[in-house]
Structure formats: C-alpha cells, structure tokens
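Asker: Listed below, chain by chain, are the residues.
There are 4 protein chains.
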Amino acid sequence: MAHPQTWPIHCELPVQWGDMDALGHVNHTIYIKWMETARMHYFDACGLSDSYKDTGIGPILAAIEVDYLRPVVFGETIRVETRMSRMGRTSFDMEYRLTSVSDSPQQVAKGVAKCVVYDYNTAKPAPLSDTLRSVIEAIEAGENTPSD
Amino acid sequence: MAHPQTWPIHCELPVQWGDMDALGHVNHTIYIKWMETARMHYFDACGLSDSYKDTGIGPILAAIEVDYLRPVVFGETIRVETRMSRMGRTSFDMEYRLTSVSDSPQQVAKGVAKCVVYDYNTAKPAPLSDTLRSVIEAIEAGENTPSD
Amino acid sequence: MAHPQTWPIHCELPVQWGDMDALGHVNHTIYIKWMETARMHYFDACGLSDSYKDTGIGPILAAIEVDYLRPVVFGETIRVETRMSRMGRTSFDMEYRLTSVSDSPQQVAKGVAKCVVYDYNTAKPAPLSDTLRSVIEAIEAGENTPSD
Amino acid sequence: MAHPQTWPIHCELPVQWGDMDALGHVNHTIYIKWMETARMHYFDACGLSDSYKDTGIGPILAAIEVDYLRPVVFGETIRVETRMSRMGRTSFDMEYRLTSVSDSPQQVAKGVAKCVVYDYNTAKPAPLSDTLRSVIEAIEAGENTPSD
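Residue numbers (the numbering used here), protein chains in the order written: chain A, 1 to 148; chain B, 1 to 148; chain C, 1 to 148; chain D, 1 to 148.
Hints are computed from structural coordinates only; laboratory data are not their basis.
Don't take each hint at face value.
The list cannot tell twin chains apart, which means a pair is met if one copy fits it or any two copies do.
[What the hints assert, rightly or not] Mimicking SDA-like on lysine to any residue, the simulated pairs with C-alpha atoms at most 25 Å apart in a straight line are:
| hint | residue 1 | residue 2 |
| --- | --- | --- |
| 1 | Lys110 | Val15 |
| 2 | Lys114 | Glu95 |
| 3 | Lys114 | Leu61 |
| 4 | Lys124 | Ser100 |
| 5 | Lys114 | Asp67 |
| 6 | Lys110 | Glu95 |
| 7 | Lys110 | Ala62 |
Bound-form chain A, shown alone (with noise of 0.2 Å):
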C-alpha cells in the first residue's frame, strides 16, 4: 500500500467497568474486540459488509497478533484506528494501532489481522474484486474516509 503512515478508519470506545478482569485492568481479549469494531467500521465504509449480504462473498479471519505495551482501566477512552496494510490476491492484512485518549495520548496495544476473502456459497477463497480494490485504495489514500 502507499500509505503507510495514515490511519483511515477509526472509532473511539469508553472502557467498560465490566471489561476488567480480576487483574484490575482492562483483559487482554477486549482490546481483540475493540479492533473487530473498528474493523466491521471499514467493511462497512469499504463495501465488504454488504458484499457478504448481497452475494455471500465476504472477509474471514485467519489469523491475529497482538503486541500489548500498557493497561488500560475504566475511565479510559481508546481510539482505535486501522488501515489495510497489504492486498494479495484473495487475501488481505490490516494493521490495529490503539491509543489511550487524553492530553498526552499513549499507544496501549497494536495488532494486525490476516483475513482471507471467502466465498460462503461455495466454501471457498476467492478473489478480491476490482471494485473493492478501488475503493480500499482510495479509502487509504484518503480520498473516501467515511467514519465513526
């Protein structure tokens, strides 16, 4: 991709009492989970989402990693941007970078996701279309940046 330094797609989420573990901070799976947020935020701006609903065509997650670098506790807000950071051919990854909002922001956590485009109807890979590729490309290039 071309870009690499920009973030299209992000969404900002206040940490939830219940989102802490016995630890007394924030546990370590929902930090998974506020990157599927801001994920379903770029199918939906990118048009993956209604891809899936209209022809069955749509992402499936292969794979996650994780790098945790501080906790976070309630009373916190976490931004949470993405962008897509490599395009095969029925395949594409997309880099997480989350940040504890304030004066000072910090960096909490940054992750990447390898999906895999999936035809459900046939239980197959398939390719990413043209279409999405144009899109996807000018989402990153910052001409589409529709967001929460």
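Given chain A, work out where chains B, C and D should sit, using these hints.
Answerer: The following block gives chains B, C and D in isolation, referenced to the frame of chain A:
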C-alpha cells in the same frame, strides 16, 4: 405447570478465569449468560429452535430477574437447571437454579426469564402451538428429557 | 427519594460489533453490562467506590431486573441513565433507563439493581453512612452531578 | 524445552450459546478467553499464581498470536491444551492447541502467548526463579501433571 419441583433440562459449565471481574468474583452478567445456555438447550429439546429456523416463529426475551445468592470464583463448576414455570397464550416463563457443583452443592443464584413467542415475519406475538405445548408438557413431566 | 424524574448520572456507550449475538442483535447481557458501567460512575460520584477502597465497606449486588423494550444493533449509541430510587438502612435500589441516541431517541430497556452495603471485613451488611446519604441526596437533587 | 510434543495441562470447555456472534459462529475473542483459562490452570499448577499472591512477582501478557483453523458453534466442547514452549531469563512463551472434542477430533485453532515475569513492586521484569524453572521442567516432562 404440574411438576414444580423438577428441573428437566440442565447443563454444567466450568467457570473460566476471564469470567471474573475487578472484584475477583464472577461478573453478574456471566450468571445470565449461563442461564441463556440452559435456555437454548431447552429450546433445542422442545422444538422452539427448529420452529424459529423453519417458520420464523420463535421466542424473544421480554424480561429477566436474577437473585444473586453467593459469589463464584474460577475453579468452580456451575450446574444450571431450568424448567418452564408458566405457559400463557403467546408467552411463557422459565425458571433457573444455579448451583456450585461439589460434595456439598450450594445454590449460587436463581432467576426467571419472561419470553414471548414472536412471529418474525409479521413482527407480532404468536400463539404457542399445541404441538409445542405437548412437547413441553412431556419434558416437564419427565417423559422426554434430552439434556447435554 | 424526592426527585423521581431526574436521572443525575449518565454515560453514552457506542454499540460494538461483538456485542451482537447469533440472532443479529445486541445480546441481552450487554444491556446489563452497560447498566453496571453507569452504576460504577454513580459509585465514583457519591463516594461508594472510595469507601470500598478505604474501609472495605462497599456495595454488593443482590438482585437485578431488566425489561427489554426493543432490539439494538451495531451502529447505535446507547445513553444509560441511572438514579437512586430507594435508600434503606443497609440497602438501596438504583433504576436505569437505556435510550438509543438519535434525533428521535427511543427507550430500549429499563432496569433495577438491588444493592446491599456490605462490610467485607466482617462479611455482614453495614448501614449506609449519613455522609453517603447526604452526598446521594445532593446528587439526586441535582446539586452535584458529575457525569461522564 | 525437551518435550515438544506433549501438552501437559489441558481443560475441556463446552461452547456457550452466547459465545457466538452475529455470523453464527463462536467469536474469535472467545478462543483467546479459552486459552487464558488453560494458561491460568498452568500458572496454578506451576506456582506462578501463588508467586504473584505471595511476592507480587507474576506473569504479564506481552503478546498473543492465534491462527483460526475452522469455525466452532454452540453444541461443541473444546479441549484446550497448553505447554511451555520457551523459557528465557525474564520471559517465556506458551503454546495452545484447541480441538473440538468428538469421535474424530478436529483442531480448531492454535496460538502462542508471550509472557514476561514482572515484579509488580518495582514495576520491572524479574528473573524466572530456579524453583519455578524446576517445577515447569517437571510439568513438561510429565512428572507432575495436575489438571482439571
């Protein structure tokens, strides 16, 4: 119903570490998730799950009430029992009893879910069919107690 | 309480994609997690959170009741409002009103949490102190309405 | 480690209905919650849980990687196996294998958690003690395999 002291459907669920919240006990929403799992086993057993898939007529949750009797922690296994406590024309109530499994079992919570039979095609309540009523009566009478 | 129609403490929470269950709507336990978040904001505001940390005397949840009024989906933001509806000697009730934020807001649920003031040192209920009563009365009277 | 093909600690967890998301499969964060439960069983078995309680020196999660191999639905039971795959001076890696229990078991996911031994008193990484190393070696050698 004619058999108030039987609990025809049950399941046993081990507490997971992530079920605990920042107070070091299982979060109160998890008890309600456990009840839902028992409810779905009941719906599978009586035909309400199939009814929803086949005809679009299925249960919808209208209200829930839970009494918390003692805290639960990681390491315990919870037995969740349920029974149909009331059948109306288009609605029904289900009761739940949650017990920590051990040599001296202790009840940890009880609850009631109030459900409506809903026709998702017309977006209106629908009568509980005679067929479903018969199956539920048989389950409650202990004549048909599929469980996990 | 003297001010039954005010909701002194509130927060606004965006629905996350993962809040939805296999029926395509927000799972019913999530509404209760939202109520808990508003409750914790209230406890922070009135001093019950500090009381628990400083003296080991804090609230414990005894029961919850929720009425579900309409389904909620990803994309909505929920306003959660709470107020103290009853103060007894060693217990209190809190009411919740959940509304989907929009130009024409719609209430999606209401609920009540029944709490006991609990001395974790002696494992017994404890009186609600006069200090806490005064602060809560002031919050309910709108004299002191810290919120999200 | 000397015993790469053994999985000394495991647990079996029934899928709950509420584990499924709007796509009708178990949400990907639930796999990670299952891994955490197995990890805590391991920490209980090897003494890391007690170390944290007694001395304030305990594990902290630095990173997680998960490969999703096939979808899981309500009705399945998942066997979660874990082993120590690397021990460094102040850090260690744990591997996970998740299998759907049946007459012909199928692996549904695999993962790695990278942990740091952390002294919560000084807020710095701490060495993995010789005592812990010995117990972990024994567990991995199958000499001491407490499990649920």
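Asker: Take the hints in turn and mark each one as holding or not.
Answerer: Hint by hint, here is what the structure shows:
1. Lys110 <-> Val15: Cα proximity of lysine 110 and valine 15: in one copy and across copies (17 Å, 22 Å).
2. Lys114 <-> Glu95: both (9 Å within a copy, 19 Å between copies)
3. Lys114 <-> Leu61: Both ways: lysine 114 and leucine 61 sit 6 Å apart in one copy and 21 Å across, limit 25 Å.
4. Lys124 <-> Ser100: between (39 Å within a copy, 22 Å between copies)
5. Lys114 <-> Asp67: both (15 Å within a copy, 9 Å between copies)
6. Lys110 <-> Glu95: both (8 Å within a copy, 21 Å between copies)
7. Lys110 <-> Ala62: For lysine 110 and alanine 62, the Cα distance is within 25 Å both inside one copy (17 Å) and across copies (11 Å).
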